[in-house]
Structure formats: C-alpha cells, structure tokens
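Colleague: Next come the chains, spelled out residue by residue.
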Amino acid sequence: MSTTPTTARPRRAHLAAAATAGVLALSLVAACGSGSSGDTGASSGPVTITFWGWAKGTQDVVNAFNASHQDVHVDFQQIPSGVAGGYAKISDAAKAHNAPDLFNVEYAALPDFVSQGAVQDITKLVPASLKDKYLPQAVELTTLAKKSWGLPLDAAPQALFYRKDLFAQAGITTPPKTWDEYRADAQKLKQAVPNTRIGTFLPDDPSTLEALAWQNDAHWFTGIGDTWSVDINSPETKRVTDYWQQLIADDLVRVQPSFSQQWTASLQKGETAGYVGAAWGGGVLKSTLASSPDAAGKWAVAPIPTWDGKPASGMLGGTTFAVSKDSKKAQAAVEFATWATTTPEGIQARIASGTSSLFPADPDLVPTAKAAFKTDFYGGQDIYSVFVDAAKAIRPDWQWGPAMSVTNNAMKDAFSKLTSGGTVGAAVDASQQATLAELRNRGLKVSR
Amino acid sequence: MTSRAPGSSPKHSPRAATVRRRGGGAPALFLAPFLLLFAAVMLVPIGYAVYLSLFTEHSSGLGFGGTETVFTGFGNYARALGDAAYRAGFLTIIQYCLLYLPVMLGLSLLVALLLDSALARAKRFFQLALFLPHAVPGIIAALIWTYLYTPGISPVVEALNSAGAHLDLLGHPVPAVVNMAVWEWTGYNMVIFYAALQAIPREVLEAALMDGAGPLRTALSVKVPLIRASVTMVAMFTVIGSLQLFTEPMVLYRNAPAVVSSWTPNMYAYTAAFDHNDYGLAAASSVLLALAAAALSFVVTRATRGRSERRAEATA
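Chains as they are written, first to last, in our numbering: chain A, -16 to 431; chain B, 16 to 331.
Keep in mind the hints are simulated off the structure, nothing from the lab.
Hints are supplied without guarantee of correctness; some may be wrong.
Stated by the list, open to error - Between beta-carbon pairs, the in silico distance windows are: (1) A:Arg423 / B:Tyr162: 39 to 45 Å; (2) A:Pro276 / B:Val59: 36 to 42 Å; (3) B:Ala180 / A:Gly68: 34 to 40 Å; (4) A:Phe242 / B:Pro117: 35 to 41 Å; (5) B:Tyr162 / A:Lys357: 27 to 33 Å.
What the hints assert, rightly or not - Take a look, some chain B residues computed to stay more than 10 Å from chain A by CB distance: (6) Leu106; (7) Leu129; (8) Pro148; (9) Ile154; (10) Ile159; (11) Leu175; (12) Leu235.
The C-beta atom is built at its ideal place from N, Cα and C for all residues, glycine as well.
Please take these sequences and the hints and turn them into a complete structure.
Modeller: As structure tokens, this is what we get:
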C-alpha cells in the first residue's frame, strides 16, 4: 500500500465523490419509479380498477366484491400503511401518472393529497342520498372547499382499552370517567403493581394527541374564505399537553413508540395495563397480543375519559377511499368504494376476517359489524355499544390541515426531546411554527 | 482496492499505442456500455436532481386547487441552509465521526497488528471471523442491533439491568449507531490494514529486530508509520461514507424517539421528498450534501498527496 502511486489516489477520491452524488440522486429517482400502471380496462367485459390499501381485512372485501360483481373487477394491491411508506408510494405514483384508480387514505392525510393534486373531485358521483348514509362528522372530513374528495370507510371514535385483572388488583372497580380519575387510577395502579403503568405516551404518533385535543374542543385548522387559520397551540390543546406532560413527569405513563416491539412486549408482560385508542384498536390490540394467550379475556373497553364527565370524543385515525386524479374509471371506483363502505356484505367481509373492529362510517351497518366481530378477547363484552355512544359524541367541525405530514413530523421531532428536558407543550409550539412556515412557503394564505 | 498497480501502465503503453493507431472503433465499443450506464445512472440523475432543486410547488387559496411548479432559483438551497434541522444533521455527522473514527480505526489497526505479529495463531480463522459481520447486509444488522438495544425484549439490556447497570442506547442514538458501524466495518478495514502490513518489506522488520526493537516497538515505530497511507485512505473513505449515514438511523427511527426525522442530512432529504412531497428541497439538500462530500474529498486528497509527495522526495 505504501507503494501506491500518488496519482491514483485523487482519481479514486473523485470517483468516490461522484459516486456519492450519484447514489443520492439515484435514491430519489429509483423511489419515484415504483408503482404499476395497471391500465388493463377493456372496452368490453368488466371494468378493471386498480386499488391500493392496507386496512385490515381489505383483501377479503375485494374477494367478496369480485365474486358478486360482473361489471367491475377490482385488482387489489396491499401496500404498507400510510406513515410506514404507503403515502410516499401513492404520491410518487401520482406524480409519475401511474397511480391506482382508487386508494385508501386517512382523513388526516386527505387534504394533503388533495392539495398535491393527487385526488379527483368526485362531487358529481356522490349523490345526497349516499352522503346521508354516513356519519355527518365523517362526511365533513371528506368535504374540502365544498367538494367531495372521498368516501368514508370508518369513523374512529376514541375508546379506553384496559386490563380488568390489573385494574382490580389496584382496587379500581370502574374504569375512569374523567381525566382526573384517570390520573388517580394511574397512581393507584403504580402503587399496587409497581412495575405496571396505566398507559403510554406515544412519542412517534401525534394522532393520539390530536384526537385528545379534538376531544377538548380544539380546532387546529379552520379555513375561512381562502385563508387558513392555524391554531395548534391553543389553550384547549395546552390543557391536554400539560396534563400528559405531568403524567410523564410523574412517571405514571410509559413513553414508548406505538406498535413497537417495546410497546408490544410491555403489553404482553402486563407492564402496561391500558391503551388510549379508537374503535379499530379493538381488532389491532387483539391481533398484536395474539401470541400471548393469557391476555385473552382480560381486556375490556370503556368510554374514553373526558374532562367534565360528559361524553366527548375526537377521531383517532379513520380511513377513506379516494379516486386518483388521473383515473378514467372514477365511476367504477366509486361503485366499489360505495359497496365496501355502505353494504352489509362489504362490512361483514372485512370484520369477519377477524382482524378488524372498525366502526363503520355508515351507522346502519354497526349491527353487522357487531355480529361479525368475535369478542372473546374482551371476555364477550359488547364492545360496539361503547363505540356507538362514543361515535355520537364525536365533536363536529374539526378540520385537518393541508400539510399534516409537516405538522406531524415537527411534533414527532420535538417529542424526541421528552427524555432530555423537552415538553409536550413545546412540541405543539414547534409544530405550530413549522406548519405556518410550510403553508407560507406553499403560497397559501395564513392567519394566526 | 490495492490491486490497481500503477507501475503496470508503462509496460502496457506500447500495446495501447497500437490500438490507438488502428482507429477509434474498438475502444469506443468497449467503452460504450460503461459510458451508457454511467450516463444513465449517474449523470442523468444528478442533472435531474440539480434541475429539480431549482423549482418549487405553489398553491393558492386554501390549497385545494392543485399545485403549479414555479422556478425559485436558489430558493430551495437557501431554505435548506436556513433550516436549523438540516444544519443539525451535519452536527450529528460530526459527533458520529468524532466517536466512530478513533474507535473503528483503533480497533481495526489493533487487530491487524495482532494478526500480523509473530505471536498470532489461527490467522485465517480470525481474519474470516472478523470479516464476517461485513457480509451481513447493513439493514439486517441494524434490525438485529435495534432489537438488542430495546429494553423489555433485549437479553443484553436485561442482563445488564440485573447486574445493576442501566444502558439506554435508544436514548443515545450516536453511540448506538457508532456501535453498529464499528461492528460492521472493523473487520473490513482490518483486511485493508493487514494487506498493507503484509506488503512491508521483511528486511525493514529484520533491521528493526537487529536494532533491538521488541514487538511493541516494531509495531508502533515501524509498521504503523509505514502503512500511514492506508490509514489515511481508510479514514477518508470513512468520513465520506459517514456523510451518507442513513440505513442504521432510519431503522432506529421507528424504535428510538431520540432519532428525529432529519437526524442526518440524508434523512432530511428523504423526509422532505417522501413525507413532505417537497422534491425541490430534497434535491437541493442532496446536492448540497454531495458538494460537501466532494469538497471534503478534494481537501483530504490534497492534504495527503502533499504529505506523501514530501515523503517520496525525502526517501528518494
């Protein structure tokens, strides 16, 4: 090596530099090239539409639809969940003009996709009779600038999941009705079972905090005329952040990423005795804990605690069907989406898959969902009746912003400082600033 | 890496001259596949990235009327440089290098010297065993290490806890990522150092022995100075590679809240492109990163060439 000629080295260094740049650029371009066109629609025979989604039980729904329909055939592709890369896939495909005809997108991300120009306006395909079937709060979230952009699949009323046996061990006989009681129960539980906490603050997932702020009547985004009013760090939100900050500071809740190995292990071992979630969490919790059989039958569902004891709920997650901008088969896509969201067959197929406990956005289908969901994991409890009451209590007039990925990432990044002096309150302040900067950069009008 | 012997070019030059005389057809034919691929996977993407970096998307009103692409000149570059999160990414890289370089270089040099010493037994076995981690794809290694770091499921953390020591690597991502990188790269660089050590003329070592230098003295005063060029080269490649840090922190990102979405410059670009759909910003931050890497390699090459030229003159 010491005999290497001096001239060879600089050349290699340039190569390395060039390779550096090349790899960077490549990684961008390669990721843009993914996706498939799937324009197989023929003029005769059934119309084939392509559909991307990840919600539990979707394959079963598509199978049931294809088996019972001659005019439309759905070609379903399972993609990673939105935040795990699914959204990137959809927006890249939309940019490359090879997006599927139909895709799933959560309420919170829908405005983002609409403002990117990835979603088709389906107002003309959604008659009032169809709109009337859905919960008004869900319709509200799919209506932007007075136009319809999607069909709601589920409403996601909040709920409290908890371990009956661990609560009983701490002398807690009824689940907490108010947030004050929740805190008191957290203390009781920690005292009785020192290794166990009542719940988790999820530093990777702002949506739980958002639902809690929503529950407390915060309004983060309001479109007034053509101007956005952004009010993320409002007093209503601050009440929620201060409350959780205190729980974290007093070591009454764990701080663990959602659905991480860490969180799952903690639930399996009974070191975490509760989960502030939403209706769909019933199926997810059940399948997450499927490998620990002794958990079965010990979990129960209670209404989400509220500030004043009167029922109130935000919406935590929830999915819609959106038609992509370039699709020429919007009618067929809406036909399938209508079937999947408003017919007993569509809902029955999804819930019967065993992994979904979603709360249909069409309330008439709740009995179907209830009948299809096996509740042995919850000791036979009628969990849907809890969800029904919560759905009625979902506060109206919430609006998601047009850049939720920026809003959420800023908050997540600030949550990372929770273990080193940061606070939950500071995170919503950071999110407010980042969101304002992003909206201004996009050329949108904002007022604070 | 060391196989391209420079002394061989003069020997071949007569034949090269013949080819040149016979016309440009054959060389062009042989070069075409390379140039084609080089253009397709390097030049075109770089050009496209530079092009993208000059544009941004604009909407009006509430933003639900779609977007239009507008030229912003160096606006995206200004945004990237003005963003504290982007600058913090470079700070992360500096912290990472400060810890990683000495540990990894020290370890691989130590192991190479041990293997090169007369005392070493089972050299082939240890060489292979030490190199083996490098054969594991980085993403797999990152997943396994993340598992080992995670309290509640990691046997290592549990064992340490029961011994009274509390290790929170998920809360301290720099050492966590350095550990993964050391595990992966020590063996690889050890091979480079070992090869360089083997190339040291034996008479030099004999002379050292004759002068009464023990094994330790020989290693520190004779062997290490003689392979300084390889050490510098490895250090340079390591620093340039560190600028690209992505896989390991990206895997940690989902499990360790302490890793933020813009933890390294590469993650910043990734988040801008695939979370925020801000391709202009992503391209601009990538181009800036590439420029930083190019500048760094230029400076390091200049500095090391100057030194080895001086040395060559001294020994001549």
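Colleague: Hints first: check each against the structure and report whether it holds.
Modeller: Results of checking the hints against the structure:
no.	hint	verdict
1	A:Arg423 / B:Tyr162: 39 to 45 Å	holds (42 Å)
2	A:Pro276 / B:Val59: 36 to 42 Å	violated (56 Å)
3	B:Ala180 / A:Gly68: 34 to 40 Å	holds (36 Å)
4	A:Phe242 / B:Pro117: 35 to 41 Å	holds (38 Å)
5	B:Tyr162 / A:Lys357: 27 to 33 Å	holds (32 Å)
6	Leu106	holds (15 Å)
7	Leu129	holds (18 Å)
8	Pro148	holds (22 Å)
9	Ile154	holds (14 Å)
10	Ile159	holds (12 Å)
11	Leu175	holds (16 Å)
12	Leu235	holds (16 Å)
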